[in-house]
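Trainee: Using the sequences and the hints given, assemble the complete structure.
4 protein chains.
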Amino acid sequence: MTTIKDSVHDHISVDGVAADLLDTGPVQRLRRIAQLGTVKLVYPSANHTRFEHSLGVYHLADRALDSIGIGGVEAERVRAAALLHDIGHAPFSHNVEELVHRHTGLYHDDVSDLLVETEVGDVLEAHDLDPERIAGLIAGEGQYGQLVSGELDVDRMDYLVRDAHHTGVPYGTIDHERLVRELTFADGDLVLDEGNVQTAESLLMARALMTPTVYAHPVARISKAMLRRAVERLLATPDIDAGQVRRMDDYDLVSALRTEPATAEFAARYDRRDLFKRAVWAEYDDTPEALREADHEAVRELEAEIAERASVPADEVVLDVPGEPSMTESTSEVLVNGEIRRLGDHSPLVEGLRTAQKQQWRMGVYTVADATERVGKAAVDVLGLDVDGTLVSDVRRRVNASLDEFEAGAGR
Amino acid sequence: MTTIKDSVHDHISVDGVAADLLDTGPVQRLRRIAQLGTVKLVYPSANHTRFEHSLGVYHLADRALDSIGIGGVEAERVRAAALLHDIGHAPFSHNVEELVHRHTGLYHDDVSDLLVETEVGDVLEAHDLDPERIAGLIAGEGQYGQLVSGELDVDRMDYLVRDAHHTGVPYGTIDHERLVRELTFADGDLVLDEGNVQTAESLLMARALMTPTVYAHPVARISKAMLRRAVERLLATPDIDAGQVRRMDDYDLVSALRTEPATAEFAARYDRRDLFKRAVWAEYDDTPEALREADHEAVRELEAEIAERASVPADEVVLDVPGEPSMTESTSEVLVNGEIRRLGDHSPLVEGLRTAQKQQWRMGVYTVADATERVGKAAVDVLGLDVDGTLVSDVRRRVNASLDEFEAGAGR
Amino acid sequence: MTTIKDSVHDHISVDGVAADLLDTGPVQRLRRIAQLGTVKLVYPSANHTRFEHSLGVYHLADRALDSIGIGGVEAERVRAAALLHDIGHAPFSHNVEELVHRHTGLYHDDVSDLLVETEVGDVLEAHDLDPERIAGLIAGEGQYGQLVSGELDVDRMDYLVRDAHHTGVPYGTIDHERLVRELTFADGDLVLDEGNVQTAESLLMARALMTPTVYAHPVARISKAMLRRAVERLLATPDIDAGQVRRMDDYDLVSALRTEPATAEFAARYDRRDLFKRAVWAEYDDTPEALREADHEAVRELEAEIAERASVPADEVVLDVPGEPSMTESTSEVLVNGEIRRLGDHSPLVEGLRTAQKQQWRMGVYTVADATERVGKAAVDVLGLDVDGTLVSDVRRRVNASLDEFEAGAGR
Amino acid sequence: MTTIKDSVHDHISVDGVAADLLDTGPVQRLRRIAQLGTVKLVYPSANHTRFEHSLGVYHLADRALDSIGIGGVEAERVRAAALLHDIGHAPFSHNVEELVHRHTGLYHDDVSDLLVETEVGDVLEAHDLDPERIAGLIAGEGQYGQLVSGELDVDRMDYLVRDAHHTGVPYGTIDHERLVRELTFADGDLVLDEGNVQTAESLLMARALMTPTVYAHPVARISKAMLRRAVERLLATPDIDAGQVRRMDDYDLVSALRTEPATAEFAARYDRRDLFKRAVWAEYDDTPEALREADHEAVRELEAEIAERASVPADEVVLDVPGEPSMTESTSEVLVNGEIRRLGDHSPLVEGLRTAQKQQWRMGVYTVADATERVGKAAVDVLGLDVDGTLVSDVRRRVNASLDEFEAGAGR
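Protein chains in written order, with numbering that gives the first Met the number 0: chain A, 0 to 411; chain B, 0 to 411; chain C, 0 to 411; chain D, 0 to 411.
Note that these hints are calculated values from the structure, not bench results.
Watch out, some of these pointers could steer you wrong.
The list cannot tell twin chains apart, which means a pair is met if one copy fits it or any two copies do.
Straight-line alpha carbon distances no greater than 20 Å define the calculated SDA-like cross-link-like pairs of lysine to any residue that follow [claimed, not checked]: (1) K357 to R340; (2) K357 to V335; (3) K357 to A289; (4) K357 to G194; (5) K357 to D344; (6) K357 to N336; (7) K357 to E282; (8) K357 to P347; (9) K376 to A303.
Mentor: Structure, rendered in structure tokens:
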């Protein structure tokens, strides 16, 4: 047994297949993937990694299994899946995930190939565990897959408290001990036991506060959009393909961006934290539906058009259109008077949070600091934004969706 | 200057009039008033007092004043009011407040008499501060009164984090540092500065989670209802009146309850934590409107009727009808794009929380453990509850409004 | 099973005999005994009780048993002893323990009578546990008694972290999780496993810092000495004997002190926190050996003599002579290269801490604020202090042995 | 003013010259220098950076200046120095510092060139601050230099709490608020005010526990020794010199090690956390004096000799001889009865800690896992270790100097 000290869960005991998996390259690689990607540019203490998070998820899974009373090979499979659930992440975690997916068809939880083809597969086999079943659990399949990836999975319990611990933002401080103890299965569904409507709501609220404050903080969005753009350029060079990027760690990617002439300027900007600024920051209802649904190609064309009209280089305009607001946790299930109820059907909060999410939604256009006015005007024209004759500086007033403007560079 | 170590805010420096007020009897008395009254029967660590809370409120007020830029005598008045804001509390804090009010017409923040007639008045005068103005601030009057008692007062910022620290329930962990830094005045109103809609929402959510989990936990409600009943009996004796109770500390009151024959049994029960159990726990819509609006007299009569029908002694039935749900924080104000907006008008969450509050509302009938079935049936009849023919045991299933059933005695 | 939320250990699950013991009067009484007695006059947040501490000790004992691999009735006995280990405490915990012992011959861990004669005995018998054996464990007898009361017991692990949490003084923040995991038995002795010399030292250092800062803070010592004096007077009245005091809770004692004319003034002083001040504060080497070894009677006589010479009432002089410095933890044992070694023999720190302890030792003479000079001079004469001709104000400069002078009343 | 959220000090306000320095390349580079270098291989959460530490040091310096009452340009200089104090660090912080020094003559606090030649110099000049004076403060020169680099500097106050927060090891949890408040100047020396002998001791004890547990954990020492060896090889290639390494960030260095054929194997080992193991772990008195004083060249020769005798490749043997134990804090000064006293003269603890330090001292010989026995025997011969005929496996038992064997790879 190995005991590991963790800043969130204190001592984590790792045993069985997990202890052997620890020493594999794909798991050790997670030490070099920042859990929150570019969020560290907003919250300087947020340097935690997918490795410590994976240990935390393993730990909570183990406690949940113990509390529910699941043992034997079933439990061993879940524990393996918990430790491995993030090995499919590309560098900077979610930041370039969409991009990698566009090229490879793989999301971070599509890990069959990694489980089979790497030394991880050998370890699993040595423990008589079928890689494909583990991959299934990681993808959320089957009854026990819900523990690893689902509305009430231990993944989000760990990341909320861990991200709170490392950013210093207290909103993620949920009662994870209670959550883990109250998990149970009813009719094959993972649910929270009687008396836990509010336990479920607390999880929802924590995410509702952490999202705008941390995960979708404007500076995080800008830096992420810039990173994505740089990686696209990297992929356009003959030397690197998306499959390779997927298996890089943060060091590889930063190094590649610095070395490749097409991305060196971005790398230098990133190192100096010299980020684009917002030229437009438009609310949901002010953003034409067509634009909200535009695909990757269409977005690229609009960016080019805006850049041209504003007379700035094409790669100095980034159009950042988030997807439609969603809320996985709303489908989490709770026992109420012996019946399984969807939280979204039972809790009046869910509707409120859903509306709030839409209210916080923002479409952004970013560019270099001294071009925001020009680009803002051009974007209003090109995108057909309904801000009748307002100056861009007015548009830019629409900034206050975010709870936190720490390192308030973006607002300047 | 005196420096005091606090478990929540670390070092608190007390200066000026506050340092002199510290040594007065009415302030020292707060050391012997439990912040959360009988909640300690649910959360054994919740033994914190109004004294440490008052120091915390003083500390946050001082920081807020500093951040807003208010100094001089104005600030000194607010600091005095912050330290003194709770000296009007009766023993066990809010637990017997209604009762004392019924007899004396005074709530805990009606403290003019205490400021004038006690040594507190001497200290204020020695510092050239008018007791009446301080009393006004404590009652929330005037522009600066909002800092001490209002939707965004520092009082609730302290108690949320302090109650979280001492109960171990993390839901109250708000970002009080940020709140204090973002307070400002606009048109004479205390508001949160631009970019703080979610800061305001976070305060609301913290209260929304702490209320059912801590403040209105069923066991806390039962013990509080029992205490209230006992104090009523105490007041019915010739020796003690409500004015005296108001100035007792917890030691005095416990001692009086133990000594007085009419309340000795309650005192013994309380010491053994041998509490009444729930016979009925009815939702808002299942509780007739007339009952929800019944006054004190009417409630007493209904209790007597239930007791008689169930053939139990009159003082073994407690009918506990909470007031209509309310949410002060919904009127807190935030700057949005330069305009003052009420949170309740701007945030879709407020409506959701309001509905949730109503959903969590419960009317309770409590009695001794072995009479719950009989009393439950009698109560259904007497109160005209709409539970068509269901057994009381079914009624008792309706228990799951509460997030936490720690020390789950009440559920047994 | 009952789950209890604790501010230090989060969720504590109580099961078996412990769950039944929870509901007994002697255990519930611990809710009303302040863990640190009058220390709350220095650290206003230190209102925690023997009840939450006892739950914590139970919890750590349970984890240690689990880690060592002890189960069955042996473990059940240890768990019962852990929960019950403090039921013999008089009000204000250690503050009046010596006094009660002088009259009853009983220390707080002499609890045979309580285990046999109260309802606790019934519960133990219902679980087939012999009260005498439990009493033995509480007194530290036998192999497993070391877990409950010994150099490495879980008692001190809980109180150090709990006292740190509630006072806000960080020095007690030991790694209790590690300590509990590293306990093991070797040749029947409870020892720390290989590689833990520093784990043991850390426990020692935590106590070495907490003692002067918290447990023996001058203001705590003064208030404790005053309380002891008041209780002596109470015992001198015909109505109350030491056996009764031993079974009171804090409410009873405070109430008795307020009611009894002979102690009413003390009670009023205590309520206003109007404490005696130091007239003399002498180092170990400046205190004559005879005085350091004086018994209770001799001390009383010296006090009377000082009072007389200073022309102050006899009960306004308190002579406070602590016992010889000791350090239980120095005999704690650690495995080093397969051998059991006493920490005191192995660690060079122990000697340093021992000397430091002696350096911090202070004999105090306390009196009312305006008599310190007179009483100081008289004490120098009567006690034969070697401060050749110095004024008492010089004597009083020798104040700075203490780390913390919070609520610096004592220094004024 | 910029406000930055920090996981340790919560909100940090950055103002004046510091706000402008924040945006410079040399300060932003600190985001990419791990505070504890390879310690993250032992404590997976220890991914914090020199950037957040520098902000913390700035924050504490600002509070200390405020508390002492220093303002104006003096204070502005100290704040600049605090923020800049670590910009001279090479990648992986202290890990390759000696090596860089051997080649460049510069330690991490020799930063004159960086202050003059980079954009930092421009910012300082724009604020009328002389770079040379700032460099002097960073080197600890002058009265105020003691605040930045001295026995009682705010640097160590920040790193102890920060390292504790991020590793999860509680021993560094000092009372930094109190330390900062108690700093004062006496006769031009930075001292702790009256009543703070134990405050000073607590700092000493924190370091005494953190050092073996964290900073000199065996696995940290092994990985650091391996890294040093690899960087030496890197410097032996024609392409990279020590001046360049000094200005790299962690990404540059890892990337260089991966790319350079001579170090690629190390890079691969590091990524898999496949570290050398201990072949010898000898106590101070068992290590010949000549060896303890051997210089770099001599050590290289001994390594070669051991490798040859054990028939392993030369670069698979690392001889790791720490310097003589030292304890800067022992010279820190405290006011005792109005006189400045050195802690080392006053506190009996210092001598104990000094002896403990020597007791914990270990000379190590490391090699690949399957050669430890052979290399151990060879080392015993070559180094003339006094372990008369013992098998190497016995030598290897001498492992227990360390408090923590987390991720116990080194012990396997």
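Trainee: If a hint holds in the structure, say so; if it doesn't, say that too.
Mentor: Each hint, compared with the structure:
{"no.": "1", "hint": "K357 to R340", "verdict": "between (25 Å within a copy, 19 Å between copies)"}
{"no.": "2", "hint": "K357 to V335", "verdict": "between (29 Å within a copy, 17 Å between copies)"}
{"no.": "3", "hint": "K357 to A289", "verdict": "within (17 Å within a copy, 40 Å between copies)"}
{"no.": "4", "hint": "K357 to G194", "verdict": "between (30 Å within a copy, 16 Å between copies)"}
{"no.": "5", "hint": "K357 to D344", "verdict": "both (19 Å within a copy, 16 Å between copies)"}
{"no.": "6", "hint": "K357 to N336", "verdict": "between (32 Å within a copy, 18 Å between copies)"}
{"no.": "7", "hint": "K357 to E282", "verdict": "within (9 Å within a copy, 32 Å between copies)"}
{"no.": "8", "hint": "K357 to P347", "verdict": "both (16 Å within a copy, 10 Å between copies)"}
{"no.": "9", "hint": "K376 to A303", "verdict": "within (14 Å within a copy, 70 Å between copies)"}
Checked against the numbered hints above, the structure violates none of them.
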